[in-house]
Amino acid sequence: MTALGLMHAIERQPFAVAIARSSWLFPFFETAHVLALTLVVGSVAMMDLRLLGIGHRERRVSELTASLLPRTWAAFAVAASCGLLLFSSRAVTYYENIPFRIKMCCLGLAALNMLFFHGVIERDVASWDEGAPPLRARIAGGVSLLLWVTIVATGRWIGFTT
Amino acid sequence: MMQHLSDWLAATWLSQRFARSNWFVPAVQSVHILAIALVLALLFTLHLRLLGVTRGGPPPPRLAAGYLPWVWRGLGVLLITGVLLTITEPARELLDICFRVKMLLVLTLVALTGVLQAGWRRSPDYWSASRRRRHLGGAVAIGSLLLCVCIVVAGRLIAYV
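Heads up: the protein sequence lines correspond to chains F and A, in order. Counting in the working numbering, the first sequence runs from 232 upward without gaps. Counting in the working numbering, the second sequence runs from 117 upward without gaps.
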């Protein structure tokens with residue numbers, strides 16, 4: 232089965248058809264998606280700005296991360312679930328949409344950046360937890376911020392190009 | 117009156133210049149959404165701390181001292197981008213019931229945020245000085261959280277109503 236064939240198959244699923252045909256399901260899931268995404272982006276931005284040494288300088292990086300991560304993940308779960316449902320209702324259209332593809336690439340890169348930060352850079356956080364983060368942590372924070380800004384912008388652009 | 121204002125705005129050179137551009141509305145909306153994200157994250161963090169849902173870290177008065185200036189700056193960005201979007205598509209905003217509801221909710225949120233800040237300016241212990249003040253502060257926090265959610269919902273529904 233080709234990728235396009237898979238997209239057509241997804242669109243034909245009962246839940247996808249229901250969302251596409253309903254006058255309120257798409258707006259409902261899109262609103263939930265946007266709400267959850269603003270919470271994700273806002274929380275991520277708070278952590279990234281701390282890594283860049285711009286905000287929360289009086290708080291330890293590990294403490295800020297521990298306090299923000301649970302709700303960031305919860306909001307991301309909601310955003311991703313709603314996003315998948317929205318995608319399913321117009322899978323072919325979104326699959327062929329350039330801003331959507333860029334958004335998905337950026338999401339993947341943001342995930343890799345996060346894994347690298349938590350798996351590698353954060354290992355020695357005890358040595359820089361209270362002071363200015365090292366260059367590698369600042370780069371990770373800056374890259375993350377840039378990626379999430381791009382995710383929001385391309386997400387908005389999808390609505391103008393479909 | 118709103119119809120007249122909308123028609124007048126739509127006829128201005130600025131409105132037509134912005135509306136002709138392919139990138140202006142998506143770009144300004146993106147900045148608007150990013151500002152919403154930051155304001156929401158700061159307010160959620162502050163209010164969840166005030167309600168005692170999250171613990172650890174600085175006490176609410178110190179959090180507020182650090183966060184609220186950025187909340188006000190974020191609201192300033194939202195006002196500027198909101199005005200630009202209204203100039204570009206006046207009918208879509210000014211004549212839409214969801215937009216009017218959103219503005220009412222935003223004004224209420226601004227008022228509640230101001231009430232909280234005024235209390236902390238009087239004294240860092242203002243909202244924890246008595247049982248009554250703790251309950252009042254909690255009510256303001258819950259109200260603010262609900263308003264944040266409703267504002268985002270109303271904002272999104274502008275596109276559909």
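Treat the hints as calculated values from the structure; they're not laboratory data. The beta carbon of each residue, even a glycine, is placed where N, CA and C say it ideally should be. A portion of the hints provided could be inaccurate.
To be verified - Restraint ranges, calculated between C-beta atoms of paired labels, are given here:
1. R354/F to R136/A: 36 to 44 angstroms
2. G230/A to T233/F: 51 to 59 angstroms
3. L300/F to R248/A: 32 to 40 angstroms
4. R136/A to W304/F: 55 to 63 angstroms
5. R248/A to C336/F: 35 to 43 angstroms
Taking the hints in turn, this is what the structure says about them:
Between R354/F and R136/A the CB atoms are about 52 angstroms apart, so this pair departs from the stated range of 36 to 44 angstroms. In this structure the hint that G230/A and T233/F lie 51 to 59 angstroms apart at CB holds, the actual value being about 57 angstroms. Taking 32 to 40 angstroms as the suggested C-beta distance range, the pair L300/F and R248/A conforms, at roughly 35 angstroms. As the Cβ distance of R136/A to W304/F is approximately 42 angstroms, the hint placing it in 55 to 63 angstroms is violated.
Distance hint check: the CB atoms of R248/A and C336/F are about 53 angstroms apart, inconsistent with the given range 35 to 43 angstroms.
In summary, the structure is inconsistent with hints 1, 4, 5 from the numbered list given earlier, while agreeing with the others.
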